[in-house]
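Now for the letters of each chain:
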Amino acid sequence: AQTVTQSQPEMSVQEAETVTLSCTYDTSENNYYLFWYKQPPSRQMILVIRQEAYKQQNATENRFSVNFQKAAKSFSLKISDSQLGDTAMYFCAFMKPLNSGYSTLTFGKGTMLLVSP
Amino acid sequence: NAGVTQTPKFRVLKTGQSMTLLCAQDMNHEYMYWYRQDPGMGLRLIHYSVGEGTTAKGEVPDGYNVSRLKKQNFLLGLESAAPSQTSVYFCASKVGAGYEQYFGPGTRLTVT
Chain Y
10 AQTVTQSQPE MSVQEAETVT LSCTYDTSEN NYYLFWYKQP PSRQMILVIR QEAYKQQNAT
70 ENRFSVNFQK AAKSFSLKIS DSQLGDTAMY FCAFMKPLNS GYSTLTFGKG TMLLVSP
Chain L
6 NAGVTQTPKF RVLKTGQSMT LLCAQDMNHE YMYWYRQDPG MGLRLIHYSV GEGTTAKGEV
66 PDGYNVSRLK KQNFLLGLES AAPSQTSVYF CASKVGAGYE QYFGPGTRLT VT
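Protein chains in written order, with our numbering: chain Y, 10 to 126; chain L, 6 to 117.
Simulated from the structure, these hints should not be mistaken for lab results.
Any given hint might turn out to be false.
Simulated restraints on C-beta separations [to be verified]: (1) Met24(L) - Met20(Y): 34 to 42 Å; (2) Gln22(L) - Ala80(Y): 23 to 31 Å; (3) Ser21(Y) - Thr25(L): 36 to 44 Å.
Every residue, glycine too, gets a C-beta built ideally from N, C-alpha and C.
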C-alpha cells in the first residue's frame, strides 16, 4: 500500500514571500501520479498541480511549482509571491497509474498554510 | 453545468439512526468516490465505483454501504450511525481515462 507523509502540520509565510511545503511518499510502483490539492476555508478541494512520475521535468503552474525527486520519493510544493488567498490546507496525494485496474487517491494529512500581510 | 453536487450540506443524527448521502455529477464521469475528512487525518477513501452498477471498498469501508444505480449518482448510506462517523464527507468524480478528480462541496455530518 502507498503512504503519503506531510511532516509540516502548519506553516506561515508573509505576503510576497516564497514558501515550500514538503511531501514524501512510499511506493513500489515505477509509474504513478502525484498531486497537490488546496482546501481553502470554503472547504472546496481544488487541484493545484500534477506531476507524472515518468516526466523528469518539474511541473509548474503560474506561482506554483514542484520539486520532484523520484529516487528520494520526495514531492515538494513551492509557492512564490505568496498571496493572502493562498491561505488554505494543502494536501499531497498519490495515484497509481490508470492501467493498474483502479485509480484511487491516497492523501497525506495536510499542511495548513497561513499567509499574513 | 453544476459539476459535482452533494445533498445535504449539513446533517445531525442521533446514534443508531440511518441516512443516505447523495452525490450527483453532470459530467458523464465513469468513476465516483466517497471520502471522509477528519481533523489531522487528511481524506480517506470509503468506497468507490468505476461504473454504473459497480462498487468497491476503499480504505475505511466499515459501517457504510454504497450504490451506483445510475451513472450520474453515487449514494453513501449509514445504516446505524455512530459518533465515530462524525466527519465531513466528500464525493468526487472523474473521467475513466483522466487524472483529475472533481470534488463536491462536502457534507458535514454530526452523530450525537
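For each hint, the structure was consulted:
Distance hint check for Met24(L) and Met20(Y): the Cβ-Cβ separation is about 37 Å, which falls inside the suggested range of 34 to 42 Å. Between Gln22(L) and Ala80(Y) the C-beta distance comes to about 51 Å, which lies outside the given range of 23 to 31 Å. About 41 Å separates the C-beta atoms of Ser21(Y) and Thr25(L), a value consistent with the hinted range of 36 to 44 Å.
Against the hints set out earlier in the document, a violation occurs for number 2 only.
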